[in-house]
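Colleague: Sequence:
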Amino acid sequence: MSSSGITKAGIVALVGPANAGKSTLLNTIIEDKVAIVSSRPHTTRHKVLGIKTASETQIVFVDTPGFAQSLRDGGLKHHLLHIQQDAAAGVDALVLVLDAQSLHKQGEINPLKELTQNNIAKPQIVVLNKIDLLSKDEILPLIKKVADYFAANTDLRPEIIPLSAKKNDNVAELIKTLEKLIPQGEFLYPIDQLTDQAEHFFIAELIREQVFLRMRQEIPYSVAVLVDDIRDTPKIMHVFATIYVEKPNQKSIIIGSHGRALKAIGIAARSEIEKCYEIQVNLKLHVKVEEHWSLTDKGLKKVGFY
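All residue numbers for the sequence shown refer to my numbering, where the first residue is 246 and numbers rise by one.
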């Protein structure tokens, strides 16, 4: 709490294309793991809150799914779009996160067009992430390229901040800039709270992260994870979870020869859960086919989206 008793609190949405590094940026800002991360596009499927509290300012960051133009038309795609639009409405600041390396290679700035197509509010800040993958001589022309695009195509003049979420390079500048946009007000959450995610949801996400990291290209997007039960004892957390897929052959791939693939997923997920909750974990996984779950609201509900 400020010595003057005056505090600031507000909500900031992180939006942008898939794989721009929004979740990595959120984890770096919060200085803890509150969002799962993989190199696969569309890893984030839900609105994830991360809460950054300093002595005088509390910023509630909302991580959103990446733009979903490339996904099959259906329930999951519509769900992701709704989350993007809902998260970006009524916030105190909107941050558009872009992949600097991809922008450097592209001839045009496609993500801004997707922002407009998805009816998402206009950004006050544009983050050029992954600058660690560019040389210093490439960064300044890229900043000019983005600024020129906004000047030529919109009435916006957003602050453009180059940074590396992975290396925690210039992230402090983003926070400093956001603090200027946050209004005075009481803190929205307790000062020691980092996220609003329920235990069942976060553990399911940690399991799904390992599937994304270990499965080949077509499998992760057909996977959902639902934690069926958690039974706590003084020394061990017992977790029972189901990995849902859409086709029988996907089930075979997830399980693997003699169960090796599923065992590897389980070992890695258990390690992540133990790291996050600082308790020994007994994790029981099984795999179930729920045909075309990603295409209908009924399917999404079945696998725990609603």
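Derived by calculation from the structure, the hints in this document are not laboratory data.
Where hints are given, some of them may not hold.
To be verified - Calculated pairs, DSSO-like style, for lysine-lysine (alpha carbon to alpha carbon, straight line, at most 27 Å):
# : residue 1 : residue 2
1 : K390      : K278
2 : K425      : K390
3 : K533      : K546
4 : K543      : K533
As the list claims (entries may be wrong) - Each pair of labels, with its calculated beta carbon distance range:
#  : residue 1 : residue 2 : range
5  : H483      : G430      : 27 to 33 Å
6  : P435      : A334      : 22 to 28 Å
7  : A397      : K520      : 32 to 38 Å
8  : N398      : I512      : 48 to 54 Å
9  : P428      : Q525      : 43 to 49 Å
10 : D377      : G250      : 38 to 44 Å
11 : D393      : K508      : 49 to 55 Å
12 : E404      : R476      : 45 to 51 Å
Treat the numbers as computed from the prediction; the structure is a model and nothing was measured.
Quick reminder that beta carbons are idealized off the backbone N, C-alpha and C, glycines included.
Colleague: For every hint, state whether the structure bears it out.
Modeller: So, going through the hints one by one against the coordinates:
| no. | hint | in the structure |
| --- | --- | --- |
| 1 | K390 - K278 | violated (33 Å) |
| 2 | K425 - K390 | holds (25 Å) |
| 3 | K533 - K546 | holds (15 Å) |
| 4 | K543 - K533 | holds (16 Å) |
| 5 | H483 - G430: 27 to 33 Å | violated (41 Å) |
| 6 | P435 - A334: 22 to 28 Å | holds (25 Å) |
| 7 | A397 - K520: 32 to 38 Å | violated (47 Å) |
| 8 | N398 - I512: 48 to 54 Å | holds (49 Å) |
| 9 | P428 - Q525: 43 to 49 Å | holds (44 Å) |
| 10 | D377 - G250: 38 to 44 Å | holds (40 Å) |
| 11 | D393 - K508: 49 to 55 Å | holds (52 Å) |
| 12 | E404 - R476: 45 to 51 Å | holds (48 Å) |
Violation of the numbered hints given earlier is confined to hints 1, 5 and 7; the remaining hints are satisfied by the structure.
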